[in-house]
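Participant: Can you build the whole structure from these sequences, using the hints too?
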Amino acid sequence: MRTVVAPLVLTVLLPAVAIVTPAHAAGPLKVRSAKATGSPVITADGKAKVPIRVRVTGTRITDVDATLRLPNGKGFALVSDLKRASGTAGDGIYKGTAVLDKADWGGKYTLEVGATDGTSGNAYYDFVIHRKAGAITVRRAAKLSSTSPARAVKGAKAKAKGTVKGLTLKGGFSGLKGATVQIWFRPKGGKAVRLGTAKTNAKGAYTFTFKASADGSVSARFPGGTQWQKRSTAWKALDVT
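Just so we're aligned, residue 18 is where the sequence shown starts under the working numbering, counting upward by one.
No wet-lab data here; the hints were simulated from the structure. Every residue, glycine too, gets a C-beta built ideally from N, C-alpha and C. Please note that the accuracy of each hint is not assured.
What the hints assert, rightly or not - Computed spacing ranges between beta-carbons, pair by pair:
#  : residue 1 : residue 2 : range
1  : S97       : K208      : 44 to 54 angstroms
2  : T154      : G195      : 51 to 61 angstroms
3  : K52       : N89       : 31 to 41 angstroms
4  : Q199      : K125      : 57 to 67 angstroms
5  : K208      : S103      : 20 to 30 angstroms
6  : K91       : N218      : 50 to 60 angstroms
7  : A209      : D118      : 30 to 40 angstroms
8  : K91       : A231      : 42 to 52 angstroms
9  : G104      : K205      : 52 to 62 angstroms
10 : G242      : P45       : 11 to 21 angstroms
11 : A209      : I146      : 42 to 52 angstroms
What the hints assert, rightly or not - Lysine to aspartate or glutamate pairs mimicking DMTMM-like chemistry, simulated, CA-CA at most 25 angstroms apart:
#  : residue 1 : residue 2
12 : K91       : D62
13 : K160      : D118
14 : K194      : D232
15 : K176      : D108
16 : K208      : D256
17 : K208      : D232
18 : K171      : D232
19 : K178      : D256
Facilitator: Encoded structure:
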């Protein structure tokens, strides 16, 4: 009978070392947050700039892009290669600026972020897309004018009239049909009150008739909306005799 000698096994006891991994530092590629900020207005002589901030985590993030787009396809801006502003290649804050011009319509834009992770041989294999509908409201420039009498007889009718115009795709301004204009009155020493509203016609013109009751001043306001910039006119004095 052959004697079998068991090999000598040496066991080395190492001190336990706690390994702390930063939250979300390395792991599946994911867009943690995406935000477009500001109150951008597209003007005739300039461009609307929209700051974008994105947080992405992954093993080795190689590229982060962002787009702003209107669901109807009438507005689009691309920001390629957002720059890492802070953090690491595994957990970073990326920033960029989207630029819109007069060819882009106003409205609620969707923010879309695409990120790639260099852990795959195929550059587009590790790829994620993050969409955020209604991320920011972009408005187009508007103009509001208003005229009203400087004097009126107490109890008599007075008129406030003017136009509302919006920025065209060519950079000019044309009348906005169906726009709502508010007419406000501020009596001397008192608080402003809304007298009523008027709708613009096909040429963007409006007229509002009111009864002169006391000395004060008159102003018009265009509330704007998701498409157009809100505007207001200066207060114009009204002397009632």
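Participant: Hints first: check each against the structure and report whether it holds.
Facilitator: Status of each hint after checking the structure:
1. The given range of 44 to 54 angstroms is respected by S97 and K208, whose C-beta atoms sit roughly 51 angstroms from each other.
2. A beta carbon spacing of about 20 angstroms between T154 and G195 contradicts the range 51 to 61 angstroms that was offered as a hint.
3. A hinted range of 31 to 41 angstroms for the beta carbons of K52 and N89 is inconsistent with their spacing of about 23 angstroms.
4. Distance hint for Q199 and K125: a CB-CB separation of about 23 angstroms, inconsistent with the stated range 57 to 67 angstroms.
5. Here the CB-CB span from K208 to S103 is close to 48 angstroms, at odds with the stated 20 to 30 angstroms.
6. At roughly 25 angstroms, the beta-carbon separation of K91 and N218 lies outside the given 50 to 60 angstroms, and the hint is violated.
7. Separation of A209 from D118 is about 36 angstroms and conforms to the stated range, judged on CB atoms against 30 to 40 angstroms.
8. K91 and A231 have their C-beta atoms about 47 angstroms apart, which keeps the hinted 42 to 52 angstroms range intact.
9. Checked against the hint of 52 to 62 angstroms, the pair G104 and K205 passes, with Cβ atoms roughly 58 angstroms apart.
10. For the hinted restraint 11 to 21 angstroms between G242 and P45, the CB-CB distance of approximately 40 angstroms leaves it violated.
11. Here the CB-CB span from A209 to I146 is close to 48 angstroms, well matched to the stated 42 to 52 angstroms.
12. Under the criterion of a C-alpha separation no larger than 25 angstroms, the hint pairing K91 with D62 is consistent with the structure, at around 20 angstroms.
13. For the hint linking K160 to D118, the alpha-carbon distance of about 18 angstroms falls within 25 angstroms, and the restraint holds.
14. With a CA separation close to 32 angstroms, the supplied pair K194 and D232 exceeds the 25 angstroms bound.
15. A C-alpha spacing of about 62 angstroms is found between K176 and D108, which places the hinted pair above 25 angstroms, so the restraint is violated.
16. Restraint check for K208 and D256: satisfied, since their Cα atoms lie roughly 17 angstroms apart, inside the 25 angstroms limit.
17. Between K208 and D232 the alpha-carbon distance is near 13 angstroms, which keeps this suggested pair within the 25 angstroms criterion.
18. For the hint linking K171 to D232, the alpha-carbon distance of about 9 angstroms falls within 25 angstroms, and the restraint holds.
19. For the suggested pair K178 and D256, the alpha carbons sit about 17 angstroms apart, so the restraint of at most 25 angstroms is met.
Hint compliance for this structure: hints 2, 3, 4, 5, 6, 10, 14 and 15 are broken, all remaining hints hold.
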